[in-house]
Amino acid sequence: MAAMEETKVGVDADAASRLVKELRDGFATGKTRSYQWRVSQLKSILKMAEDHEHDVVEALRSDLSKPELESCLYEVAMLKNSCSLAVKKLKQWMVPEKVKTSITTFPSSAEIVPEPLGVVLVISPWNYPFLLSLDPVIGAIAAGNAVVLKPSEVSPATSSLLAKLVGEYMDNSLIRVVEGGVAETTALLEQKWDKICYTGNGRVGRIVMAAAAKHLTPVLLELGGKSPVVVDSGINLQVATRRIIAGKWGCNNGQTCVAPDYILTTKDFAPKLVDALKHELEHFFGENPLDSKDLSRIVNSNHFARLTKLLDEDRVSGTIVHGGKSEKSTLKISPTILLDAPRDSLIMNEEIFGPLLPILTVEKVEDSFDIINSGTKPLAAYLFTSNKKLKEQFVMTVSAGGVVINDTVLHLSVAGLPFGGVQESGMGAYHGKFSFDAFSHKKAVLYRSFAGDAPVRYPPYTKGKLRLMKALIGGSILSAIFALFGLSKD
Amino acid sequence: MESVGDLERDLEGMREYYSQGKTKEASWRKSQLKGLLTLLKEKEEDIFKALKQDLGKHHVEAFRDEIGTLTKSLNNALGSLKEWMSGRKAILPKIAVLSTAEIVPEPLGLVLIFSSWNYPFGLSLEPLIGAIAAGNTVVLKLSELAPACASLLANTIPNFVDNKAVKVFQGGPTVAEQLLQQKWDKIFFTGSARTGRLVLSAAAKHLTPVTLELGGKCPAVVDSLSSSFDRKAAVKRIVVGKYGACAGQACIAIDYILAERKNISTLVEMMKVIIKEMFGGNPIESHSIARIINKQHFLRLKNLLEDPNVKASIVYGGSLDEDHLFIEPTILVDPPLEAAIMTEEIFGPLLPIISLEKIEDSIQFLNSRPKPLAIYCFTKNKSLERRMISETSSGGVVFNDAIIQYAADSLPFGGVGESGVGRYHGKFSFDTFSHEKAITRRSFLTDFWFRYPPWNAHKWQLLECAYNSDYLGLLLVILGLKKPRRGSYQPAYSH
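For the protein sequence lines, the chains are A and B, in the order given. Sequential numbering of the first sequence, starting at -5, is according to our numbering. Sequential numbering of the second sequence, starting at 623, is according to our numbering.
In isolation and in its complexed conformation, chain A is listed as follows (with noise of 0.2 angstroms):
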């Protein structure tokens, strides 16, 4: 009990000062460059989430009342698998990359060589508190870096087990973690970090940059957006309407970066899609959806205010269609479903995070494309859709991280895929490899041999040295061999 009290203790730049500094000296040691250490690590995250998975739910439960399958599934089987493909696949990764040189630096041979950056800051948000803590920390230890993780004060509970099992489980020479709220991570982002990982909303995504910057710190984040549903006509509704309700409601009750945020779909199609919505639902969830136990509620009361604000401004309340029902005792909105809200009303310019699903209504299918592009850039964009032109045209004009075809969400199962927004929603990207690259700094390597001296690069410089440098960087073998022997035509 004292152990865990003393690390609630707040962090002050001083404080930050010495931790970053203790961690560059063990990574000095050279200690993190090892496979064998990496590699134990990931283990030791792996056996901590197998061991302690109930603690997760308490905590998830006690933090935002996350089912136990949400969590299980969503948060420590996400996490596990995504330790284990580093685990299977680091020294692969490790391996550094040949690649071909060409006559300019003829002979030679080159590689790129993946190294850590050195010490790097994870810090992660409320929703998914265990998975997205750990999973930039599993590509920061995969890529060999010493780690302080700082998660969020919002969902204390997760944060305080986070810092029990790294104290019990993992190497504190080399992974730390601070608990706090804005004063212990200003703190922190004073200091000289090599990378910093931020996963949470566009302001304080601006001031994790503004402080790296100082640095000349590179940084990843992973930030939000909202995330449009082009519903089209001619599809298996039931189908689509399952996997909407199941990306938006089904994923922390809206509270997902990638959740579904609102809905386009014609004049024409509306009627069909609430009323399917609202049959699935009701299976779903039941017909009390306030008492359904799969329904994660609101994370705080700040939040939950924020929420009701967006259904009670004015021109808003009366665009209901469904639910609409919120008890503040509980902290929980049932879903709600909203038919054209004005363009110019918050809830259709702010990222919802929330239970709360406004649908747009268009002429034409197409013309919701211009819709999306006339606002920022999102973190995913999902249409639903049977016509193969029309998904086309949409992969090719929708800008957002990520775009998922006839589903939601699932693309961040992929390991094969990035991770990652564009403009608003974010910068660089991660998950399976690509959680190693952002934490690498990939170096280039070049062998040249002393053999091959080419008299052709050193003063004095003489016509025939141009006219064989221009030859040889023609590429041309035969102007090379003129100019060689004097013959060219210059």
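For the record, the hints were derived by calculation from the structure and aren't laboratory data. Bear in mind the structure is a predicted one, so any value in this text is a computation, not a measurement. Note that CB positions come from ideal geometry on N, CA and C, so glycine has one too. One or more hints might be untrue.
As the list claims (entries may be wrong) - List of simulated lysine-lysine pairs, DSS-like, C-alpha gap at most 27 angstroms:
id : chain 1 : residue 1 : chain 2 : residue 2
1  : B       : K1004     : A       : K94
2  : B       : K1004     : A       : K85
3  : B       : K1002     : A       : K436
4  : A       : K94       : B       : K711
5  : B       : K704      : A       : K385
6  : B       : K711      : A       : K436
7  : B       : K898      : A       : K459
8  : A       : K436      : B       : K1004
9  : B       : K704      : A       : K457
10 : A       : K427      : B       : K1049
Claimed, not checked - Not the full set, but computed from the structure, chain A residues with beta-carbon under 8 angstroms of chain B:
id : residue
11 : T95
12 : N166
13 : G196
14 : A204
15 : K436
Dock chain B against the given chain A, drawing on the hints supplied.
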């Protein structure tokens, strides 16, 4: 320079042009790259003249380092564009039947490139090639310190590329600041770390991704070489890697040398011989060494030699011609490590040699200093090679040569830590100006009913098997042959 209002209107126009989709077409990109090739061919003489005027650069050096490498890069981009533009497939787990996943590159939109004065053509056009190949619209801000080159580029580029998509700005810090206040989809900056920080801070306001090509003190670690042939080749490469690279005013020029004490006098003697061979007895007359860009930098370099302990360490050269902004090739042995010449990036034709007891000490020496853009290591010792790679950190490492990595398209060119963020050259240029979009396509046909609430133990089991790619387990669960790991799941009840 136009007013901020004019600038914003121009940029609005460029964004509008971009949204029309022209720059995304492969044919457009190719035509622009071809336009740049034509520019280089037709304006070659003018380019040589401008470089001579701004930097006193010899036209063969200009060809070798700027026009030649740009031509190579353009040909490479034209030949590889189709491949670069096509996406690549991502592997999905087997359970994802009737689904596909791929990664498709798309342009970022409107990008800003800051060029530098030392390779005013190379450092303008090399990033421009990447930005155009990736399908962006571009604003290119040239360095005012190389005015003849800036003027030439500003006047010629609009005649060879689509000037609705590519705009060129001249001017100094005020123009740069105005540009930085706008919102860009990417900023590419070549220059000093101090300005790099300012660029990154400005970019943070708009969450704009940035590539910073900075500098540092690039060391040449020179080991004992038993063969005299090797020694000669090494010294030639060192001499040209310092004095032949814009008189040392290059981010990847050799900044200083680390060598074992016992080898230094031989090294110095050989260097003197080679310097005379390459630049003659009176280097300023050879016109083969660039001059210092301006008075400010000249005085900065002069200052580096003012310290009496530094002056005393000069073993060759050291004469400065302020009227012609010329400094002759200079070698120093063991100036004090705390002197500015050993703590700041030199960026000039002064070459300190630092002596070590054993060559392996170079590793600790390098690790106690900021990470440079390149480490050069002249050695035939495989063990030192391996240690240099695994125990030091730098943008890149070159064995037995210097500068030449700039011409290698297959190697990423960029720094780490103080020497920069991000990389380019070859496909890396294309990538640095692209967003890699992840695309997943699913079919309606395969819908796993166990994805959806209400949850129960059975669904949980199935999902777990699916997550673990446990196909046999999946089958067993469906057949009712697999016992659940957990106790029964409690159905929903109210608190």
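For this structure, which hints from the list above don't hold up?
-> 9 and 12
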